[in-house]
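Number of protein chains: 2
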Amino acid sequence: MSIQTRRERERAERRRLIVTAAQELAEAEGWDAVTTRRLAAEIEYSQPVLYSHFKGKDAIMAAVAVQGCADLAAELRQARAAAHGTREALAAVAETYTSFARRRPALYDAIFTHPVDLPFATEDAPAPLREAFTELLLAVEPIAARGDEPDLLTETFWAALHGLVTLMRSGRLPEHARERRLALLIGHFAGG
Amino acid sequence: MSIQTRRERERAERRRLIVTAAQELAEAEGWDAVTTRRLAAEIEYSQPVLYSHFKGKDAIMAAVAVQGCADLAAELRQARAAAHGTREALAAVAETYTSFARRRPALYDAIFTHPVDLPFATEDAPAPLREAFTELLLAVEPIAARGDEPDLLTETFWAALHGLVTLMRSGRLPEHARERRLALLIGHFAGG
DNA sequence: ACAGATTGGCTAGCGCTGCTAGAATCGGCG
DNA sequence: CGCCGATTCTAGCAGCGCTAGCCAATCTGT
Numbered sequence: 001m002s003i004q005t006r007r008e009r010e011r012a013e014r015r016r017l018i019v020t021a022a023q024e025l026a027e028a029e030g031w032d033a034v035t036t037r038r039l040a041a042e043i044e045y046s047q048p049v050l051y052s053h054f055k056g057k058d059a060i061m062a063a064v065a066v067q068g069c070a071d072l073a074a075e076l077r078q079a080r081a082a083a084h085g086t087r088e089a090l091a092a093v094a095e096t097y098t099s100f101a102r103r104r105p106a107l108y109d110a111i112f113t114h115p116v117d118l119p120f121a122t123e124d125a126p127a128p129l130r131e132a133f134t135e136l137l138l139a140v141e142p143i144a145a146r147g148d149e150p151d152l153l154t155e156t157f158w159a160a161l162h163g164l165v166t167l168m169r170s171g172r173l174p175e176h177a178r179e180r181r182l183a184l185l186i187g188h189f190a191g192g
Numbered sequence: 001m002s003i004q005t006r007r008e009r010e011r012a013e014r015r016r017l018i019v020t021a022a023q024e025l026a027e028a029e030g031w032d033a034v035t036t037r038r039l040a041a042e043i044e045y046s047q048p049v050l051y052s053h054f055k056g057k058d059a060i061m062a063a064v065a066v067q068g069c070a071d072l073a074a075e076l077r078q079a080r081a082a083a084h085g086t087r088e089a090l091a092a093v094a095e096t097y098t099s100f101a102r103r104r105p106a107l108y109d110a111i112f113t114h115p116v117d118l119p120f121a122t123e124d125a126p127a128p129l130r131e132a133f134t135e136l137l138l139a140v141e142p143i144a145a146r147g148d149e150p151d152l153l154t155e156t157f158w159a160a161l162h163g164l165v166t167l168m169r170s171g172r173l174p175e176h177a178r179e180r181r182l183a184l185l186i187g188h189f190a191g192g
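As you go down the protein sequences, you meet chains A and B in turn.
Numbering-wise, full-length UniProt numbering puts 184 at position 184 of the first sequence, and it's gapless, one number per residue.
Numbering-wise, full-length UniProt numbering puts 50 at position 50 of the second sequence, and it's gapless, one number per residue.
Hints are computed from structural coordinates only; laboratory data are not their basis.
Keep in mind the model is a prediction, meaning the values are calculated, not measured.
You may find that some hints are simply not true.
[As the list claims (entries may be wrong)] Using 20 Å as the maximum straight-line C-alpha spacing, the simulated SDA-like pairs for lysine to any residue come out as follows:
hint : chain 1 : residue 1 : chain 2 : residue 2
1    : B       : K57       : A       : D32
2    : B       : K57       : B       : E13
3    : A       : K57       : A       : L118
4    : B       : K57       : B       : A91
5    : A       : K57       : A       : R16
6    : A       : K57       : B       : S170
7    : B       : K55       : B       : R103
8    : B       : K55       : B       : S170
9    : A       : K57       : A       : S99
10   : A       : K55       : A       : A125
11   : B       : K57       : A       : K55
12   : A       : K57       : B       : G171
13   : B       : K55       : B       : R38
14   : A       : K57       : B       : D32
15   : A       : K57       : A       : A73
From just these sequences and the hints, can you work out the full model?
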């Protein structure tokens, strides 16, 4: 038994090594730099080792996404907790969300942009994903009007943030009016 | 002179041929199927011919995007013209926009998702892009509150639509509540 | 009408990608 | 020690975007 568990432990450790290396490489040089060869060199193993842990590159990105989403959830929670008042909480969460996307674009892309088959809106979605959504929900819920379904309203608000983030990063929206757009969004959602 | 112009005409025609073939192939089988080899075979020329017309594959996608955006602009205009009342016009434009994204995902991606260095928010942006934005602007402007900058409000509304579209297509938002989310968005923007 | 210049398309190939089959090597066990 | 199974590596496949350099067809000037 013992040698079996040791092996499993080593395997798990190496899996973490892969995910961490992929995340660091992506955040340092972008996802284009994360090739299977480069990643294998980074962890000092050969390429096929990656495929004994993950089905393919996309699966590695998905693992990075889940891990990174925990960071986002934590930031959102902190921002929401530090804010006083419902409108302020919503603004704080929105600002934190877009700030996260700006500070850690590679991570944001893995979580929200890259085509990936993670279960998202179901109950068997990975915990960090559900936690991040819950943070948004807790901020949006109080400003829901009568008849608004909080879940759907949260999704809509989230989509708006996501749209702003992606359009700005691709250069389709100019960066300079970022805060004013965010203010307009909050204004229309929080009713003012 | 005449033979020069004939050559230019032929060149222009072949350029159109390339863009059209790329668009059709993308819409039929997705952008992954649009490789330079496949595209060259489709137009019955060799690969390097593509590079005498475009700097690279991205430039071809950009050309498809501009051409496709004219379609979108036309659809938006028609929807807006057919609607009575400001709120109805906004809803019609929003529905048309998301419908376009659903019906023609490859085209939508080329225009709004794919990383591309088209000038977007400046005055030297290609005409179809400006026209599409203008259609949105004309629908959003009437619902702008006092103090709202119409341009920025339009951008924000556009971003929300874009976010809904991309999150739904990647499976991060379930499809089933599509219309209710759109209704929530309109409700909060048009002041309901 | 013919030789020379020029334009322009094609063949072939480079360096890279994600991924995998099969050889080789390492570890535990009788 | 010698075997045997699990594991890791070497080597290679098919495909990608892109380009250098040859070759042929076309136009120009005598």
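Hints violated by the structure (listed by number, smallest first): 4, 7, 8, 9, 11 and 15
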